[in-house]
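Participant: Here are the chains, one letter per residue:
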Amino acid sequence: EDKVVQSPLSLVVHEGDTVTLNCSYEVTNFRSLLWYKQEKKAPTFLFMLTSSGIEKKSGRLSSILDKKELFSILNITATQTGDSAVYLCAVRDTPLVFGKGTRLSVIA
Amino acid sequence: SQTIHQWPATLVQPVGSPLSLECTVEGTSNPNLYWYRQAAGRGLQLLFYSVGIGQISSEVPQNLSASRPQDRQFILSSKKLLLSDSGFYLCAWSRGAGRGETQYFGPGTRLLVL
Chain A
1 EDKVVQSPLS LVVHEGDTVT LNCSYEVTNF RSLLWYKQEK KAPTFLFMLT
51 SSGIEKKSGR LSSILDKKEL FSILNITATQ TGDSAVYLCA VRDTPLVFGK
101 GTRLSVIA
Chain B
1001 SQTIHQWPAT LVQPVGSPLS LECTVEGTSN PNLYWYRQAA GRGLQLLFYS
1051 VGIGQISSEV PQNLSASRPQ DRQFILSSKK LLLSDSGFYL CAWSRGAGRG
1101 ETQYFGPGTR LLVL
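Protein sequences appear in the order of chains A and B. Be aware that the first sequence starts at 1, since it is given in our numbering, and climbs by one per residue. Be aware that the second sequence starts at 1001, since it is given in our numbering, and climbs by one per residue.
Only chain B is shown next, with the shape it has when bound in the complex (with noise of 0.2 angstroms):
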């Protein structure tokens, strides 16, 4: 079975300092991946996805970045971070085009940044 782990749990970073989040996919090979940030009371805002190694697609200007250096690997970092950038941090993997649609989401990276 598939699963999907994100590293780490809970992080406090002061403002300016960089950001480095992780997400693993295990059990499924070529999978689409996805960042998502949720700020209190807002919806899920799509950041970035990635179809493939070295594939990654921004969907909202800002002064984070991702990188796929493996397969079923995903990183969501930032070389100095903002106070706005604090919000809970998803990541979700769905099976490639064609073969379903479903995006399964990570246990999430809650950032707070002061």
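Here chain A stands alone, though its shape is the one from the complex (with noise of 0.2 angstroms):
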């Protein structure tokens, strides 16, 4: 059965700290692994990565994909209360697998 497994399930932290979230999964047939954010309502898409060890980047937010050891991490640095949501990770098979994400909470 394929499974997406997500670390921490919560996480405080103050302003301007840096988080590490980890997504580590097994699938049958990977294509592609998904990171949104999820606040109030529905998620957003931030990266998809299909590629091992090759870093996505917006602004204070990077992941990688490691595809030999099945985990990809989602990197936050210089925290902002505005960082605060559940963060889901999810793998293609098909259709998609979710985790059942990190909740962040960034605290002033």
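Possibly wrong hints are sitting among the right ones.
[As the list claims (entries may be wrong)] Among the chain A residues that face chain B by a calculated CB cut under 8 angstroms, a handful are:
(1) Ala42
(2) Pro43
(3) Met48
(4) Leu88
(5) Gly101
[As the list claims (entries may be wrong)] Derived Cβ-Cβ restraints for the label pairs, each shown as a range:
(6) Ser51(A) <-> Val1060(B): 28 to 34 angstroms
(7) Val13(A) <-> Gln1055(B): 40 to 46 angstroms
(8) Thr1003(B) <-> Ser58(A): 19 to 25 angstroms
(9) Gln1073(B) <-> Glu15(A): 41 to 47 angstroms
(10) Gln1055(B) <-> Glu26(A): 27 to 33 angstroms
(11) Thr18(A) <-> Gly1016(B): 46 to 52 angstroms
(12) Asp93(A) <-> Arg1042(B): 16 to 22 angstroms
(13) Glu15(A) <-> Gly1054(B): 46 to 52 angstroms
(14) Glu1059(B) <-> Lys67(A): 22 to 28 angstroms
(15) Gly1054(B) <-> Ser58(A): 37 to 43 angstroms
Hints in this document: simulated from the structure, not taken from any laboratory. Note that beta-carbon positions come from the ideal geometry of N, C-alpha and C, so glycine has one too.
Put the two chains together into one complex, using the hints given.
Facilitator: As structure tokens, then:
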């Protein structure tokens, strides 16, 4: 059975800290891994990763995939209170398999 | 540009009543469409997906059903709601196979069954 496991489940940090969120997966037919940010409502797309070792970057957020070890990390540097959200990892088999998410709380 | 709409935003229904949630997509043709449920403290659970009109795949057995009467319309239904149907229902779309894999989500419908 395909599965996606995210850790930690919940994290509280102070503004300015750097955080690393983890996602490990076991799927039969891996095609890509996606990261989403979910605030109060619908998830919004952050990154899609298909190749190992190539970092995707958007502002203070970055992500990388390791297809040999079957995991991805999402880094957020210099965190701000607006980064508080649930971060979801999803792996594209057919169709997407989602992890349960990591709830990040950034406090001032 | 593409947009996805869900209606209604919030719904409170009694147990045993019927349900109809609607999702429409604009700005694209022949999208793949998905219904997810997110229960409190749990991840996103895929309920149904559709690759074309009248083509529905069900991921989990349940008392919900889905229909796709038009290319860009996806409807989630139930004849009799259960308490356990409460949750946040999200519709998503993606381009067809081979043309991209990212799923884009609608604003969601929060359903409370009492």
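Participant: Taking the earlier hints as the rules, which of them does this structure contradict?
Facilitator: Per hint list: zero violations.
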